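Student: Sequence:
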Amino acid sequence: MLDVLAFKKLSPALRLCIQITRLILSIKEPELTDETFRVHLLDRPDEVIAQFKTLVPEDISEWTHEQLCNLMDDADYDPAVAARESESGLFLDLHATLTELRSRLEEEHLDNKCLSPTAKFMVGVDGSRQAYVAFELAARLRRQGQLVIVNVDEELAASRQLPQISGEFIAEEYKAHCARLQLPTNRVTITCDECKTKRSVAHQLMLIAEREQVDFLVLGAHGKGGPAIDQVHHVPREVLRCVSSIPTIIVPPAPVNSVVSKQYVFVVAVDKSAVAGRCINAVLKLMRPVDILRVVHFYEKQITDEYDAEPFERYRHIIAGAQIDGLVDIQPVERTSTIAESLQDYLSTHEAAYLVLGLNGEGTEKKVQSSKNEDPEAEEGVTGEQGNHFGRLASAMLFSPRCTLCLCP
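Numbering (the UniProt record's numbering), first residue to last: 1 to 409.
If you're looking for bench data, these hints aren't it; they were derived computationally from the structure. Some hints here could point you the wrong way.
For each label pair, taking beta carbons as the anchor points, the in silico distance ranges come out as [claimed, not checked]:
{"no.": "1", "residue 1": "A96", "residue 2": "E172", "range": "57 to 63 Å"}
{"no.": "2", "residue 1": "R38", "residue 2": "A75", "range": "23 to 29 Å"}
{"no.": "3", "residue 1": "L110", "residue 2": "P184", "range": "35 to 41 Å"}
{"no.": "4", "residue 1": "L2", "residue 2": "E107", "range": "45 to 51 Å"}
{"no.": "5", "residue 1": "E300", "residue 2": "A96", "range": "34 to 40 Å"}
{"no.": "6", "residue 1": "E58", "residue 2": "A254", "range": "21 to 27 Å"}
Straight-line alpha carbon distances no greater than 25 Å define the calculated DSS-like cross-link-like pairs of lysine-lysine that follow [said to hold, decoys possible]:
{"no.": "7", "residue 1": "K120", "residue 2": "K53"}
{"no.": "8", "residue 1": "K272", "residue 2": "K301"}
{"no.": "9", "residue 1": "K8", "residue 2": "K113"}
{"no.": "10", "residue 1": "K301", "residue 2": "K113"}
{"no.": "11", "residue 1": "K120", "residue 2": "K28"}
{"no.": "12", "residue 1": "K53", "residue 2": "K8"}
These numbers come from a predicted model, not from an experiment. Glycine included, every Cβ here is placed at the ideal spot set by N, Cα and C.
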């Protein structure tokens, strides 16, 4: 290998490869000096490769994982260019090893063992102020992931009383917003679609979200049609009713997290249903290492025996394994209160910026299972025709959202 550290001018690709190499070597040697790094890189390339191959997901902290994704997903990152410039195949070998390591980290995330900074978000925009608030929030949540900005032309689908804003104008506006926020161009896509048939805007958004294979769909609680009595207007509500596995983030008119903060509080409301696990996985995509997690479960007081909190112990293991600041709260519901009211008080007390909960809970899960046992074909027909049903807790939180909601189907 040439003495690349002596080059007066490095190409962006070579500079990024050197930064990645130093980042990974500093995991095992936190006090790595410039001279030691030079010796490793130029004189002991075989030892560097061997050290990279010994890494396991447990060695990678959340901050290191995010920095690694940031460097490797940079538009200028190209190990082939760095290999030609350095006249060595070291960076190609390191790239192959790191790609495999990132795949293993993603598998760890799927098992709820670590955070994931590479989620893909899609935000629906229509030229309204509320849509811009949703865009800003999605841009912050993106971290090292991707952002898809979509405008569905409502000219044929919307009322003539609504203001008509051309898709080209909206696209140019959000290009300017992305440039102002310095979002990487290789991680952002802006598209405009039209409702050419009688298909609704919500249905069109869901089709695009599934086509783009996004992790989250982000929407303002209302659009250019103005606020509604129930605080969440028809497009977000119709999206939630669509049968899909994509979590939907609803941004209320005045979210707590509209002010940029160094640390946010995430609250996940769980029960004993299967959707609780999907909620935990969703919050591990949304959180940063510096954020705080509160996993809460409310139960009705029993007259005789104590409440069995054993099913929720696994969340404590998840928090410890993911190396995040969090705790699990198991709280009784007062006789004069409801679960929704208790949850609202909890959000206010902890100044939560995000609430993650299931669209349905264990009550709906039991009803669906009972219906399937009685008549499986009839139940499938109802689900396909009417779409998702809102649980009582989700309905209450949608009616009066205190903070940004993430609803998992």
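Student: Next step is simple, just say for each hint if it's right about the structure.
Tutor: Hints versus structure:
Distance hint check for A96 and E172: the Cβ-Cβ separation is about 41 Å, which falls outside the suggested range of 57 to 63 Å. Roughly 28 Å separates the CB atoms of R38 and A75, a value that falls within the hinted 23 to 29 Å. Restraint check, L110 to P184: a C-beta distance of roughly 25 Å breaks the suggested window 35 to 41 Å. Judged by the Cβ atoms, the range 45 to 51 Å given for L2 and E107 is violated: they are separated by roughly 37 Å.
About 55 Å separates the C-beta atoms of E300 and A96, a value inconsistent with the hinted range of 34 to 40 Å. Checked against the hint of 21 to 27 Å, the C-beta distance between E58 and A254 comes to roughly 41 Å, which is inconsistent with it. Between K120 and K53, the direct Cα distance comes to roughly 28 Å. Violation of the 25 Å bound is thereby established for this hinted pair. At most 25 Å may separate the alpha-carbon atoms for a hinted pair to count; K272 and K301 meet this at roughly 16 Å.
Simply put, K8 and K113 have alpha-carbon atoms about 43 Å apart, too far for the 25 Å limit, and the pair is violated. Using a Cα cut-off of 25 Å, the hinted pair K301 and K113 is violated, with the two alpha carbons roughly 32 Å apart. For the given pair, K120 sits about 31 Å from K28 by alpha-carbon distance, which is inconsistent with the 25 Å threshold. At most 25 Å may separate the alpha-carbon atoms for a hinted pair to count; K53 and K8 exceed this at roughly 31 Å.
The structure fails hints 1, 3, 4, 5, 6, 7, 9, 10, 11, 12 (numbered hints given earlier, in ascending order).
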